[in-house]
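Please arrange chains Y and Z with the ligands on chain F, whose structure you already have, making use of the hints.
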Amino acid sequence: MIPGEAHGTIALSASACTSCMICVRECPTWCIELDSHTEQVSEPGARRPKTVNVLDAFRIDFGLCMYCGICVDLCPFDALAWSPEHDLASTTAAGLVHGIEELESTWPSADCAAEAGTPGGDGSPSDS
Amino acid sequence: MTLHSIPAPERKYRVAGHPDLRVAILDVGLACCALEVGAAITAGLLVPEGSVDTGPATSEVSVLLISGTVTDALAPAVIRAWGALAEPRLAVSFGACANTGGPYWDAPTVTKGIDQLIPISVYIPGCPPRPEALIAGLARLASTDGPCQSERGDESP
Amino acid sequence: MTSHGRTDVSPADWLEAMAGLRSEGFVLFDFLTAVDRGATLEVVARIVNPVTRVTAMVWTTLPADAAELASLSDYYLGATWCEREAAEMFGVTFIGLADTRPLLLRASLGKPPMRKSAPLVARAIRDWPGAAQATDDGRQGGNPSRRRQLPPGVPEVFLHDDVNGDVASAELASGDQR
Ligand code: SF4
Ligand code: SF4
Ligand code: SF4
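Chains as they are written, first to last, in full-length UniProt numbering: chain F, 1 to 128; chain Y, 1 to 157; chain Z, 1 to 178.
Isolated chain F, as found in the complex (with noise of 0.2 Å):
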């Protein structure tokens, strides 16, 4: 009944976020929440190690969320994605924070992300 474009909630592929925090800095309600660090990676070959980001926590309070779609428009990565699921109800206010776990496990289907011309399926966060 549901179409697989619908608008229900907004989901994460921790593996593609970099942490580069243009969700959280675009997000009008500012209800997006992310920690990160940075770490030394050697690369066999490279002359220096790179300092890459690494995403320790990311926090969206669906209960201020008003689903405009900027963070998954604005990011660069494809790491924010609209899914169909909407059976998110909770019975207390901070049940309706979802941290990275919560945020994962509705990324879409293929199916979905086809029928709604966005990312997901390919790359989704199982295959990290």
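Hints may contain errors.
Said to hold, decoys possible - So these bits of chain Y aren't anywhere near chain F, every CB distance computed over 10 Å: (1) A34; (2) I41; (3) S62; (4) A77; (5) I79; (6) G83.
Unchecked claim - Some chain Z residues close to chain F (C-beta under 10 Å, calculated; not the full set): (7) G130; (8) A131; (9) A132; (10) Q133; (11) A134; (12) P151; (13) P152.
Quick caveat, the hints were computed from the structure, so don't treat them as lab data.
Here the structure is a predicted model, which is why all the values come from computation and not from measurement.
Heads up, the beta-carbon is just placed ideally off N, CA and C, and yes, glycines get one too.
For chains Y and Z with the ligands alone, kept in the frame of chain F given last:
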């Protein structure tokens, strides 16, 4: 502004997919989210009691459904509506505005979450939530024991 | 509808200009509102000649810290509603306006909320999550992405501590009114 009259009495509905459940809804529709309640009825997700032949319901809940933007000016009317609802009663906060203020979280006139004023049993996220989310939320309600006071609810006067 | 165009008048001529247009047939009052320009506040009224279907927009400019203007309510009864709204939202005092009850807001709200100087309390008292930076692993040195970030759309002055102090007390005061 006179807000002394309490909105229309609650109406009874059956919830699609939950044949045992009957909900008596007092809908406080204050903004766009209220349309989704109508959409749920039109889509046959909320079935007015008596409109079709339904079997006996084993559980009935009286529900105050707050759908839409609660302003500080209107908040007393919501509290009155809650007070007018017969026990046992549960309150459902439907949509970002009712949950936290939502898109109007920074507006000086909007109540930042109706749970500051009345105890909320189920919060349904969305702007607006889909009608299906309302049904899922109501189904969740049937399995809750009673209103659970959120941390934010402690601020209620 | 055709437009009579924009007319700018001094605050002293406001009433006379509007009365003149009314006698020319602009008898239908449409709306009145204000625009905050910082040091000044502009007030605009739109009126219509229902016979010729011509509209007129009349503007005047007031000092922001002494925003007083003659009320149009003697000429246009319908202006009362808009003037009450402009009074509470923009802090314009309409001289001669008989009904000064607040229209939409609680009387205790403090600064007129549509003034740009009115802080958005919710944004001022909350930490902006975008200010967070990746904690590094002890590496020293410049990282060009670490310039100070400010939330988009929030004037920097709102984030100053003195404003926060004001705001916190305003919040407390309005909380008491609940
Ligand atoms: S949809 Fe809009 S409000 Fe929700 S997290 Fe994304 S940017 Fe923020
Ligand atoms: S914009 Fe995308 S990559 Fe950047 S922090 Fe947000 S989710 Fe991660
Ligand atoms: S949550 Fe969104 S759809 Fe619902 S009342 Fe508020 S603005 Fe409207």
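Consistency of the hints with the structure:
With a cut of 10 Å on Cβ distances, A34/Y stays outside the contact zone with chain F, its closest approach being about 17 Å. Against the 10 Å criterion, I41/Y stays outside the reach of chain F, whose nearest CB is about 15 Å from its own CB. With a minimum CB-CB distance of about 17 Å to chain F, S62/Y clears the 10 Å threshold, and the non-interface call stands. Interface exclusion of A77/Y from chain F stands, the closest Cβ pair being 22 Å apart, more than 10 Å.
Separation of I79/Y from chain F is adequate, the least Cβ-Cβ distance of about 18 Å exceeding the 10 Å criterion. With 10 Å as the threshold on Cβ separation, the claim that G83/Y sits away from chain F holds: the shortest Cβ distance comes to roughly 22 Å. Given the 10 Å rule on beta carbons, the hint for G130/Z holds: about 4 Å separates it from the nearest Cβ of chain F. Among the interface hints, the one on A131/Z holds; its C-beta lies about 9 Å from the nearest C-beta in chain F, closer than the 10 Å criterion.
Using the Cβ-Cβ criterion of 10 Å, the hint placing A132/Z at the interface with chain F is satisfied: the shortest such distance is roughly 7 Å. Checking Q133/Z against chain F: minimum C-beta separation of about 8 Å stays under 10 Å; hint holds. With 10 Å as the threshold, the beta carbon of A134/Z comes within range of chain F, its nearest partner Cβ sitting at about 4 Å, so the hint holds. This hint holds: P151/Z has a C-beta 7 Å from the nearest C-beta of chain F, less than the 10 Å allowed.
Look at P152/Z: its Cβ gets to within about 7 Å of chain F, closer than 10 Å, so that hint holds up.
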